[in-house]
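Take the given structure of chain R and dock chain D to it, following the hints.
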Amino acid sequence: MSLERDLRALAAELEWPEPPELAPLELGRRRNLRPLVLAVAVLVLALAVALAVPPARSAILRFLHLRGVTVERVETLPRAQQRPLAAGLGPARSLDDAARMAGFPPVLPPGVAPTRAYARWSVIAIPLGGDRLLTELSGIGMDVSKKFASGAARVAPVTVDGAPGIWIEGGPHVLVFRRRDGTYVTETLRLAGNTLLWEHGTLTLRLEGPLTLPEALRLARSIR
Amino acid sequence: MHREVAFRVAYVVTGSAAEAEDAVQEGFVKAWRALWRFRRGAEFRPWLLKIVANEARNRRRSSGRRAGLALRAAHEPSGEAAPSPEASLLDRERREELLAAVGALPEPARLAISCRYFLELSEEETAAVLGVRRGTVKSRTARALERLREEVGP
Numbered sequence: 281m282s283l284e285r286d287l288r289a290l291a292a293e294l295e296w297p298e299p300p301e302l303a304p305l306e307l308g309r310r311r312n313l314r315p316l317v318l319a320v321a322v323l324v325l326a327l328a329v330a331l332a333v334p335p336a337r338s339a340i341l342r343f344l345h346l347r348g349v350t351v352e353r354v355e356t357l358p359r360a361q362q363r364p365l366a367a368g369l370g371p372a373r374s375l376d377d378a379a380r381m382a383g384f385p386p387v388l389p390p391g392v393a394p395t396r397a398y399a400r401w402s403v404i405a406i407p408l409g410g411d412r413l414l415t416e417l418s419g420i421g422m423d424v425s426k427k428f429a430s431g432a433a434r435v436a437p438v439t440v441d442g443a444p445g446i447w448i449e450g451g452p453h454v455l456v457f458r459r460r461d462g463t464y465v466t467e468t469l470r471l472a473g474n475t476l477l478w479e480h481g482t483l484t485l486r487l488e489g490p491l492t493l494p495e496a497l498r499l500a501r502s503i504r
Numbered sequence: 634m635h636r637e638v639a640f641r642v643a644y645v646v647t648g649s650a651a652e653a654e655d656a657v658q659e660g661f662v663k664a665w666r667a668l669w670r671f672r673r674g675a676e677f678r679p680w681l682l683k684i685v686a687n688e689a690r691n692r693r694r695s696s697g698r699r700a701g702l703a704l705r706a707a708h709e710p711s712g713e714a715a716p717s718p719e720a721s722l723l724d725r726e727r728r729e730e731l732l733a734a735v736g737a738l739p740e741p742a743r744l745a746i747s748c749r750y751f752l753e754l755s756e757e758e759t760a761a762v763l764g765v766r767r768g769t770v771k772s773r774t775a776r777a778l779e780r781l782r783e784e785v786g787p
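Chains as they are written, first to last, in the numbering used here: chain R, 281 to 504; chain D, 634 to 787.
Keep in mind the hints are simulated off the structure, nothing from the lab.
Being a predicted model, the structure only gives us computed values, none of them experimental.
Wrong hints could be hidden among the right ones.
[Said to hold, decoys possible] What follows is a set of in silico ranges between Cβ atoms, one per label pair, in the way DEER data are often shown:
| # | chain 1 | residue 1 | chain 2 | residue 2 | range |
| --- | --- | --- | --- | --- | --- |
| 1 | R | Arg-396 | D | Ala-737 | 18 to 24 Å |
| 2 | R | Ala-372 | D | Glu-779 | 42 to 48 Å |
| 3 | R | Ala-372 | D | Val-765 | 34 to 40 Å |
| 4 | D | Arg-767 | R | Glu-495 | 19 to 25 Å |
| 5 | D | Ala-737 | R | Pro-494 | 34 to 40 Å |
| 6 | D | Ser-755 | R | Asp-377 | 52 to 58 Å |
[Claimed, not checked] A short list of chain D residues far from chain R (calculated; beta carbon distances all over 10 Å):
| # | residue |
| --- | --- |
| 7 | Lys-683 |
| 8 | Ser-695 |
| 9 | Glu-740 |
| 10 | Glu-756 |
| 11 | Glu-757 |
| 12 | Gly-764 |
| 13 | Arg-766 |
| 14 | Thr-769 |
| 15 | Ser-772 |
Where a beta carbon is used, it is the ideal one built from N, C-alpha and C, also for glycine.
Here chain R stands alone, though its shape is the one from the complex (with noise of 0.2 Å):
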């Protein structure tokens, strides 16, 4: 019985992103089928009052999950330090020998060759150049990062050749892996700047670095 009363104690303590913004309803209940079309009418409307309103759509965004990663809004942000961008991924290796300790080829983009990458099992962190840093994560066994925004990080989401992914600017944010074990790997915990996160095929690509959103959506779309 202890499982299922730790399951019920858990759902006390998740996080659910919050519903639409709507006018208070109290639906169902109600016997009498006309107040109650008139409820649902008011409802219909105010949800489509509210996808209107911009207030409405950002309340989304305090809570955004895209496939191995999940960024959420705080008021605080957890304690972390400005570190070096492969923070916690281990020495520098060739991209060949990264490519071996994360069990699977990196993608990259066209005319870059780069000479050292840092790896774990799992995830292939490659510098580009110029504060930039690629990292690639294959959901096999470090499949979540996780993100906290301050509220001054801008948090939307993007398309990147028709994939859904996340762009994060103008504020800090935190990142930390997350083992598929639920366990944190704390030493990756750090400051990060500017990061366009997005799905391509099996994998999930994280671009760091002092770019705009259109220089790093020109980046990533050029990956192959």
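Same frame as chain R, but now just chain D:
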């Protein structure tokens, strides 16, 4: 509040807040149009949840992606002195372990657990959401619990 539970059902099915929002909107519009089919005296909530869940499933299918468990345990408010991330992460060990184990279940089992325990839906409501009989909900939930016990202990 049906709005909240309907949104959460759609979120569990689609794994995406934006898709869940659209599914609820579309589901409510469809429910409104289908009200004449609603049997007087029947329970309203399972009927509404079934429509929203169908809409959510259709959206997930047409998006072509597989929905994972998008749920996370709440991030504790850190107050003025933020606890070390390491400490707060350790506190969450059991929760994260459970979430990871539920997330690793096959979709039918994951949805059954999510509906019964995370959304606290009745068997009848869960059956409506999953589009199966109550007996199937029972057996699916029991098998899922068994599998979870193998993963994370009793």
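A quick look at each hint next to the structure:
Arg-396(R) and Ala-737(D) have their C-beta atoms about 34 Å apart, which leaves the hinted 18 to 24 Å range violated. Between Ala-372(R) and Glu-779(D), the C-beta spacing of about 46 Å keeps the proposed range 42 to 48 Å intact. Distance hint check: the CB atoms of Ala-372(R) and Val-765(D) are about 53 Å apart, inconsistent with the given range 34 to 40 Å. With their beta carbons about 55 Å apart, Arg-767(D) and Glu-495(R) fall outside the hinted range of 19 to 25 Å.
At roughly 38 Å, the beta carbons of Ala-737(D) and Pro-494(R) sit within the given window of 34 to 40 Å. Between Ser-755(D) and Asp-377(R) the C-beta distance comes to about 55 Å, which sits within the given range of 52 to 58 Å. Every C-beta of chain R lies more than 10 Å from that of Lys-683(D), the closest at about 13 Å, which supports listing it as non-interface. Even its closest Cβ contact with chain R, about 14 Å, leaves Ser-695(D) beyond 10 Å, as expected for a residue assigned away from the interface.
At roughly 15 Å, the least C-beta separation between Glu-740(D) and chain R is larger than 10 Å, which holds for a residue marked as non-interface. With a least beta-carbon separation of about 14 Å from chain R, Glu-756(D) lies farther than 10 Å from that chain, consistent with its non-interface assignment. At roughly 14 Å, the least C-beta separation between Glu-757(D) and chain R is larger than 10 Å, which holds for a residue marked as non-interface. With a least beta-carbon separation of about 20 Å from chain R, Gly-764(D) lies farther than 10 Å from that chain, consistent with its non-interface assignment.
No Cβ of chain R comes within 10 Å of the Cβ of Arg-766(D); the nearest lies about 22 Å off, and the non-interface call holds. The claim that Thr-769(D) is not at the interface with chain R holds, since no C-beta of that chain comes within 10 Å of its own (minimum 19 Å). For Ser-772(D), the shortest C-beta to C-beta distance to chain R comes to about 16 Å, beyond the 10 Å cut-off, and the non-interface label holds.
Hints 1, 3 and 4, counting from the list given before, are not met by this structure.
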